[in-house]
Each structure stands twice: as C-alpha cells, then as structure tokens.
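Trainee: What follows is each chain in one-letter form.
Protein chains: 2
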Amino acid sequence: MAKKPKILCVDDEQDILDLLTFNLEKEGYDVCTALNGKKGLEVAKRELPDLIILDVMMPEMDGMETCREIREIPSLKDVVITFLTARNEDYSQIAGFDAGADDFITKPIRQRLLVSKIKALLRRSGPAEVKKEMSIGGIEIDRDKYLVTKDGVQIQLPKKEFELLVLLSSAPGRVFTRENILNSIWGNDVIVGDRTIDVHIRKLREKLGDENFKTIKGVGYKFEA
Amino acid sequence: MAKKPKILCVDDEQDILDLLTFNLEKEGYDVCTALNGKKGLEVAKRELPDLIILDVMMPEMDGMETCREIREIPSLKDVVITFLTARNEDYSQIAGFDAGADDFITKPIRQRLLVSKIKALLRRSGPAEVKKEMSIGGIEIDRDKYLVTKDGVQIQLPKKEFELLVLLSSAPGRVFTRENILNSIWGNDVIVGDRTIDVHIRKLREKLGDENFKTIKGVGYKFEA
DNA sequence: AAGAAAACTTAACTTTAGGTTAACCTTAGG
DNA sequence: CCTAAGGTTAACCTAAAGTTAAGTTTTCTT
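The listed protein sequences derive, respectively, from chains A and B.
Residue numbers for the first sequence follow my numbering, so the first one is 1 and each next one is one higher.
Residue numbers for the second sequence follow my numbering, so the first one is 1 and each next one is one higher.
What the hints contain is simulated information worked out from the structure, not anything from laboratory work.
Please note that a few of the clues may not be correct.
[Stated by the list, open to error] Distance ranges between label pairs, derived from CB positions:
| hint | chain 1 | residue 1 | chain 2 | residue 2 | range |
| --- | --- | --- | --- | --- | --- |
| 1 | B | Thr196 | A | Thr196 | 30 to 40 Å |
| 2 | B | Lys107 | A | Arg71 | 28 to 38 Å |
| 3 | B | Val190 | A | Glu140 | 20 to 30 Å |
| 4 | A | Asp142 | B | Arg178 | 45 to 55 Å |
| 5 | A | Asp198 | B | Lys4 | 44 to 54 Å |
Every residue, glycine too, gets a C-beta built ideally from N, C-alpha and C.
Produce the entire structure from the sequences given, and follow the hints as far as they go.
Mentor: So, in structure tokens, the structure goes:
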C-alpha cells in the first residue's frame, strides 16, 4: 500500500480538532494536531505533513501569520495549506491566498465536502510522487511493481528496503535525516532503534552498490548517482 | 522569465468569456476560449493549457462530463481544472470534486478573488520551482540538501562546518563574534576551547577559498563574496 | 493450523569520521 | 619588536555509523 498521506490540523478548539481527526482518520489519513500556530509550526517542521489545515482565527499567532511562516521554511514551501474560516469571508480569503494558502474550508464543516476537497488537493499536490518509475545511475525503480533493476538485472527488494530506496531516490542528492526517514517509513508513533536504519541501508548498499548511498555523519543519508 | 501560463476558459456565454479573458490577460496569462464542452476538449488537446476553467452549466456536454473526458486524456491528466458554478451549490461541488475538479469559482465572479485563486492553483501545479538556495560569490548553499557547491563543484561538508557556513553566510558582511558563533552552533551551555572555531574556519577556507572568510582581529569572523 | 521461510528488529561489538585539544607558529597592531 | 589574538598541525577522543548474528515477527506454504 502507498504511504498514508499525513495531515496536520491546527486549531485552538479541541472540539474542532477532534472532529477533523475523526473524519480524516476514518478516510485513512495519518492525522496530527496542534492547538496553536506556534505549536503547529513546530509539528509541521518535524512531521513534514502533506497537507495542513489552519484555522484563520487563533489567539497569539493566527492562521495567516502561521501560513506565512510555514512558507518560509524550505522543506515546507510546497506543502498544501488549507484555511478554515467562517463562511463567506471573502476579504479573508483574498488576504489568505496572498499569504500562501491553497484553498479554504468553511465552517460549519461538512464532512463529505471536506473529504472531497482534501482528496482533490492531495491528488494535485503530489506530482513528484505520481511518477511511477525512475532511473538514476543504472538503477531503475518501478514503484508499482515493487521492482528494482540494477544494470539490467532485476532485484526483488523487501518492503522496508524498497520504501527506503524510494524515499532516498525521490530527491537524489538531498540528505534525509534519520528523523525524516523514521517519520516517512515507520510513522511518527512507531519507535524503532537507530541501528535498524543502518541495517536497511547496509542491505541496500550490499544489493545496489556502496557508492550510491552516502552517509553524512550526524545528519543522515543521501542517494546519489 | 518563465513562459506565460496558459489558461483555457470554457463557457457557453460569450460575456463571461470576455470577462475572464479581460481579467486574466491583464494579469499576464495566455488565454484561450471555447464556447462549449466539445470544443473545449478539442482546444485543450491542441493547446495543452496549464489550467482550465469550466462552466458547470452548459448545453450538450456539461462541465462535469467535459472534466471527466479531459481526465481521460493522458497529456491532460494532471492539468488543473476549476469549475465555475452558481454560488452555494454544494451538491454540485461534491460531484465536481469526484469528477476530478481541483477547485471552484462561484458566480458572480469577483475579480480579485478569481485572480488570487488562479495564482494559488498555478503556484501549486507548476513544475517544482527551483529550490531556494542562496548563492554568494560562486558558492551555493542548499540547506535542505546539506550541500554546498563551489564553482559548480559539489562539496559535502561535515555538520559543524556546514552549520558554521550557514551561520556566517546568513548575513554576509556581518561580523560574528566568537561568542555569537559559540551560542548559535554549540549552545550557551556547551564549552569548547577557542581554537575549535579556528580549526573549523580553517577547514572552510581550505575547501571554499581563503578570500571569503575574513578575520577581524579581536572581534570575530565574517563571510564575504 | 503447523511449520518453514522471509523479513524485520535488536543487541553487542567494532570501526571510523568528525570534532576537539594541546603545543607550537605566525602576524597584526600598538 | 613585543604581545596577544589568531593560524596550523597532528594526535587524541568520542559519538555516530557499520557489522554481524541472534532473536522476533510476519507471511507464505502445505
């Protein structure tokens, strides 16, 4: 199965968070929450969600401000952000789009519409991930078939190794921290030892060649041609 | 400059088309039009627009149907589609999202909101924008990738060196005192000897060129082009 | 449903890159 | 031309990553 899309909900009312969480988890999304803009920013940085739902009206740091700050963070620059507003506040919508929002959901929340919108936004957001096959430096990856080819030879990788390869190869040259990797492959709730990642990396190096998997000590790993 | 985004507007009322064309061209978009769903499909195939605005209510082939057909065409599968609806028709919105729409614009059309939405949609859909990396005097720094490039050559810096470079380059020309540096990189509680900084500076000079790292005796260091 | 096989995780140990330091050298600025 | 701040070097230390094999869990097979 494909990785569950992760959604971060930020709202100062626990009721709303519960409602969102309930509806979104029911649809199979991985949901995390935060009770204010500042915490939302923190969680976003750590979890790297695929989509963020931000309440416009929040004490301290409001949705607009939070949105602007999120857009400042390189790793979150392209995340999809949806605002939660009271209905028909066109003025806020205009300002919101300028702040970098991608869409609006109006209160009261309608469950079906919410889910439809989320689906549409996520479908749109992941063009990079939609690419099913890629080929880098003699290594071909076919995400559909769970199949990897190295110099023309097919290699059947186990799930975790494959996921790790897909993750690293999704942005060749980019360094993924151990935290990134754990969050993406194991999820934020699962806890596995640090050595686990090393072992999987080792297996990949064994099967696909040392030279493609670089260690950046104290930071993480990266994949290169 | 990047190529002008191309927008296709499909509506059976010439007035609406004129209004959209006027507003969108004013914003610098390349606009084409079609008076019904069938023609819209033809034009879409030929022009391969970046975004399509479809009126839901059209005789013969309505917006939903057109949308579905567009999604069938491989070269248009990922195009952004926005529907044009009478306000508050939630039922049509739900069906519309299922048909593959990405957003909705309600009539009557508000010029500013229209343009904001279009911008937001295109921003998201566009080919992944070039990551913001800073580039000073032949040195490029990409914080995401933990990667530095000097005159086109990639250099992988260890963590501390990278952090030091990021710090100094964050404000080129500004002098950072030793205390500044220690606080930022090591934290105020950690104590390391004075020579430690020198050594890291030395490594940076070695790898990126002496001339960029100036010593201000008795004060600190600064980074310059 | 039992047994086997494969995949995954862990623990204990080794290795190593990167970070720090100490000792000595150089230089700017008074 | 003296002195304190900074530069250089190489040795040392340590936290992080590599390795291996031994458990666990999952999944396939019969």
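Trainee: If you test the structure against every hint from before, which numbers come out violated?
Mentor: Result: hint 3 breaks, nothing else.
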